[in-house]
Amino acid sequence: MNTVRDLLWEGKINVQIYLHNSILISKQHSSSQNSNYHVSDKPYLNLRLPREAYLPMYLTQILKYLQLYLVSDDIDHMSSRCWFTFENKVLPWFLPIGVMFDITMASVIISRDSKNYAKFTNNIINVWPITLHYIDSNKTNEEISSGVIPLIDGEKQVESYWMHRWKQACFIMTGSSKLLMSLSRNDTVAFWNSVKSRNSIQFQKISKSIIPSTILGFRMVPIQFHMVNSINNEFMGPIQPVLKFNTSNDSYDGLEDITLKDPVSKEFPDLFDKNGNFNAVLLAQGIILQLDESIYTLYTSLLSIDGFLHIIIAYN
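Per UniProt numbering, residue 1 is the first one in the sequence shown, and the count goes up by one each step.
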């Protein structure tokens, strides 16, 4: 199937992973006197990672590839004490890879595709340079920024958080988490395994039993906004609006006409000038969006693996 969902599932990001001094077995790759090192001076690893996945799922693989340069041989221990940054900004491990890429590389996507709206970006080579850090329990010179949930239990923590997110999404959509909680034990395990093994068919099958099959079944839409300054790449979020469909009309006429402009204008009025012009760019799954696009269509087409529609708002 060549649906939008299938294309997104197959989408990959070119990631270039560097090692911070704290994780290097030797400081010979960079000057200890200069913290503004050039990443090219350090060992690095090139990988193509799925948009619809989480960085911690690949930590063991990354550490094994770079084992020659690591301060410790205990990869299992290290994999539960690592974190990533982009331009010295902590990357939230609990966001899908594609979401973090769009947040931190928004300016690149916009400058490339500003005249090609709704164009998939996966077939154009962009390299995402990120840095791997290690939290040494015997040292206190590095701490994860406040407000960021530390990863201390590896993939188990990712799975637990992911399931919690789906419970939230299910509750937002229907007013109850019953559809998710009523999954059999086998289906619950298979749901997470479909993310780990990149099994699109299995993921779609189980997620369809949780997501209402028509717009009539939606109470609200699981949507989160992430603000990013496209000049200095400072980002904040998520901001989660209450986006409720008006179900008071028995015919439900016009529900599909609810557009992205509704929550954006309500939550971010300062982004509109006095003439009503929108002074920002909207992105989801690497695609530039327009304000007049249907929220329902966007959600069912571009939702991420955590059950939420993540929209990046890039402003100057």
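No lab work stands behind these hints, which were simulated from the structure alone.
Misleading hints may appear alongside valid ones.
[Said to hold, decoys possible] Subject to a maximum C-alpha distance of 20 angstroms in a straight line, what follows is the list of computed SDA-like cross-link-like pairs (lysine to any residue):
id, residue 1, residue 2
1, 196, 294
2, 12, 42
3, 167, 108
4, 89, 25
5, 261, 242
6, 205, 192
7, 208, 7
8, 12, 201
9, 64, 24
10, 205, 269
11, 274, 242
12, 64, 274
13, 208, 238
14, 205, 182
15, 64, 21
16, 64, 25
17, 42, 68
18, 167, 128
19, 266, 232
20, 64, 89
21, 205, 224
22, 167, 238
23, 12, 196
24, 261, 212
25, 261, 208
26, 12, 68
27, 196, 154
28, 42, 53
29, 12, 22
30, 167, 133
31, 42, 57
32, 261, 272
33, 167, 240
34, 208, 188
35, 12, 25
Now the hints, each set against the structure:
| no. | hint | in the structure |
| --- | --- | --- |
| 1 | 196 / 294 | violated, 31 angstroms |
| 2 | 12 / 42 | violated, 24 angstroms |
| 3 | 167 / 108 | violated, 34 angstroms |
| 4 | 89 / 25 | violated, 23 angstroms |
| 5 | 261 / 242 | holds, 14 angstroms |
| 6 | 205 / 192 | holds, 12 angstroms |
| 7 | 208 / 7 | holds, 17 angstroms |
| 8 | 12 / 201 | holds, 18 angstroms |
| 9 | 64 / 24 | holds, 14 angstroms |
| 10 | 205 / 269 | violated, 39 angstroms |
| 11 | 274 / 242 | violated, 25 angstroms |
| 12 | 64 / 274 | violated, 55 angstroms |
| 13 | 208 / 238 | violated, 25 angstroms |
| 14 | 205 / 182 | holds, 15 angstroms |
| 15 | 64 / 21 | holds, 18 angstroms |
| 16 | 64 / 25 | holds, 14 angstroms |
| 17 | 42 / 68 | holds, 13 angstroms |
| 18 | 167 / 128 | violated, 31 angstroms |
| 19 | 266 / 232 | violated, 25 angstroms |
| 20 | 64 / 89 | violated, 25 angstroms |
| 21 | 205 / 224 | violated, 24 angstroms |
| 22 | 167 / 238 | holds, 17 angstroms |
| 23 | 12 / 196 | holds, 15 angstroms |
| 24 | 261 / 212 | violated, 23 angstroms |
| 25 | 261 / 208 | violated, 27 angstroms |
| 26 | 12 / 68 | violated, 27 angstroms |
| 27 | 196 / 154 | holds, 13 angstroms |
| 28 | 42 / 53 | violated, 26 angstroms |
| 29 | 12 / 22 | violated, 29 angstroms |
| 30 | 167 / 133 | violated, 31 angstroms |
| 31 | 42 / 57 | violated, 23 angstroms |
| 32 | 261 / 272 | holds, 11 angstroms |
| 33 | 167 / 240 | holds, 15 angstroms |
| 34 | 208 / 188 | holds, 13 angstroms |
| 35 | 12 / 25 | violated, 31 angstroms |
Of the numbered hints stated above, those contradicted by the structure are hints 1, 2, 3, 4, 10, 11, 12, 13, 18, 19, 20, 21, 24, 25, 26, 28, 29, 30, 31, 35, listed in ascending order.
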